[in-house]
Structures are given as C-alpha cells and as structure tokens.
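Novice: Protein sequence lines correspond, in order, to chains A and B.
Under this note's numbering, the first sequence has 42 at position 42, and the numbering climbs by one with no breaks.
Under this note's numbering, the second sequence has 17 at position 17, and the numbering climbs by one with no breaks.
Just so you know, not all the hints are guaranteed correct.
Same chains, same label: a pair holds when it works inside one copy or across any pair of copies.
Keeping only pairs whose Cα atoms sit at most 16 Å apart, straight-line, the calculated EDC-like set for lysine to aspartate or glutamate is [as the list claims (entries may be wrong)]:
#, residue 1, residue 2
1, 78, 103
2, 12, 135
3, 127, 102
4, 12, 51
Keep in mind the hints are simulated off the structure, nothing from the lab.
Remember, predicted model here, so these are calculated numbers, not experimental data.
2 protein chains.
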Amino acid sequence: MKSEHQNTSTPKELKQRLSAAGIQASAPRMAIAQYVWNTCSHPTAEEVKTEVEKTFPTVSLATVYNTLNLFVEKGLLKEVKEPGSPGTRYDCNTKPHFHFVDESSGEIMDLDPRVLRVVPDMSLLGKNFQITDIEVTLRGRKI
Amino acid sequence: MKSEHQNTSTPKELKQRLSAAGIQASAPRMAIAQYVWNTCSHPTAEEVKTEVEKTFPTVSLATVYNTLNLFVEKGLLKEVKEPGSPGTRYDCNTKPHFHFVDESSGEIMDLDPRVLRVVPDMSLLGKNFQITDIEVTLRGRKI
DNA sequence: AATAGGTTTAGAATGATTCTAATCTAAATC
DNA sequence: GATTTAGATTAGAATCATTCTAAACCTATT
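I would like the entire structure built from these sequences, with the hints used as guidance.
Specialist: Below you can see the structure in the form of structure tokens.
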C-alpha cells in the first residue's frame, strides 16, 4: 500500500509554500521545488539536477545541493540514507510515513502509516528521552 | 534503556567466530574484530582505524574498509547511516534492536527491543511484501 | 623451501558534497 | 526609474569518504 503525495504544481502555490517557510523564491528554487515535491522516487541530488536541467538548463550542481539543503533545514524535505547504497536521497513526504526498501532493486517506497503500529513503552524507555521523530524502514522483497 | 552487547574478547573466541562466518583469521582482522565487537559507540571506519592502530600500528585504511565490508557481507556487523551526518557507521549488534539518536550530540544508542512494539498490519501491507528486516530509529533529546 | 591463494599495503582514482570568489538578480532606497 | 545592497547562482577548486590497483606479504600446502 503506497501513500500519496501533495501535488504543489502551479507557480503561485510553489511561491506560497516557499515563502511560508521563509525562503525567497527564485527561478532555480522554483524548478527544483516543482520537481522534488511531485516525485515519489526519492531522487539523489544528481537525479534532481538531470531532471531540473530539462526546464532550466543552466542550473548548477552547487545550487541543487544548496537548495536541497535549504529545503531540508526548513523542513520541506527529508534526507534518506540507505545502508549499502551511496549518497543521499530526498523525500518530499514530510508527513509521518514509513519506507519499504526492495532489496533486489534498491527502490525506496513510501508506505501508508497505517500499515504499521509503533507503540513505545514509555515506562521502559524512561522519562529522560524526548522523542521528536520515529523513522521506520522495512526491508525485503516485493513479489 | 540500553541493551547489552556480546563480549568476544579472547583470541580463541575471535578466531572461532570469524571462521564460523567463513572468514580466515589474520592479525589485522583480529584487531579490527576485537575492537568493533566490543564497542557500542557505532564507530566510523576512521575511528576504527585510529583505535586499531594503537595495538596494530601498520594497519591501513584500505584494510579497515575491506574488513568492515567483509564483516557486513557475512552478517557480523551492520551498517548505519544517519541523515545529517556524513559517512557510514558500524553496529556490532546484529540482533534485532532499535536506535535512539540524540539530536544535540549526534550520539547513536542501542535500545532494547522491548521499548517498542512494532505491529505490521499484513492485510493492509499486502501479501506481495516479504519483510526480511525492520529498522527503527527514534530521534530526539536525552535530558 | 617452493608454490599458490588469499591478504595487506600505499597511494592513485572515484564519487559525493562543500567551499570560494566572482558574477548576477531582485528587493529596498533614493 | 536609477542606485545600492543583500542575497542567490555559478564554475571550478577543494575536501571528504570510499574504492581501486598493483605490488609486496603471509600462510597453508606440496
């Protein structure tokens, strides 16, 4: 069961979302946002550059990294790193959800949060742990 | 609540464990195994090298990487990658357990599996997912 | 002790990411 | 609307993590 993404497509919506996060809009940022917020493929920086170049041919890799880092810092994007495969991937889905990684293809899929119930035992965990985020990755094979 | 590690310390035990995994023993491998299997600090390759150099000064970084990769491949060690911090870390604990990452220090701690109950809803997940591994990371602050 | 197979090594090479310093752009001021 | 200014973008250099290469080294076997 896959979960859905927000589809923020019009320039106006993009600009609003950037400015709501305290980010000033610009052509490269719009192009990058437009792509990363509408893909569920968890792309690498290199993949983002290749895609964005199609509509914005002069974009530089430095700008891609700057922008992705900025988006992560502002909570508009999440970093994902998979043991066994190199580099960082970017997840447009900042709502709580889980990942399934297909061990044969390496593909990362978002799972609906309802497929898994995670129940912390606070008495065991202790009062001195403040949890701000839970990340769950299932690994296996899709058949 | 922290979980405990196996403490495989004598040369004899180390050699047995390596050979049980189909790995032929050697001085650098013993030194590396001795260190990584007795630390709960989730060290990087660089940290392993620094530590191992104390007892085995000629060890090269290439050998550290070769050996850690070999151990991972043979299931004697697990890779851990944290979003926001660079490089790969190595976890000697191959039994099911969870991680807590302190967001202020970046420290990764092992948690006892009992602090969290993870309940997959197989009807929602669907029969076409074969799960071989579940990885859970809690992020937050220790106070 | 000669051989063969795997192991280690230093350093080069690669890949991912960040840094630098110059240039460009857009917002703010006159 | 021209000027200033702060911030954004760029190409390429620099850095960091990791892997590759090819020679030297061990260790088990003949």
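Novice: How do residue 78 and residue 103 come out at 16 Å by Cα distance, when the copy is not named: within, between, both, or neither?
Specialist: Cα proximity of residue 78 and residue 103: across copies only (15 Å, versus 21 Å in one copy).
Novice: Tell me, please, which holds for residue 12 and residue 135 at an alpha-carbon limit of 16 Å: within, between, both or neither?
Specialist: Cα proximity of residue 12 and residue 135: none, with 32 Å in one copy and 39 Å across.
Novice: With 16 Å as the alpha-carbon cut-off, assign the pair residue 12 and residue 51 to within, between, both or neither.
Specialist: Neither way: residue 12 and residue 51 sit 21 Å apart in one copy and 55 Å across, limit 16 Å.
Novice: At most 16 Å between alpha carbons: which applies to residue 127 and residue 102, within, between, both or neither?
Specialist: Answer is between: at 14 Å across copies they meet the 16 Å cutoff, but 36 Å inside does not.
Consistency with the previously given hints fails for numbers 2 and 4, ordered from lowest to highest.
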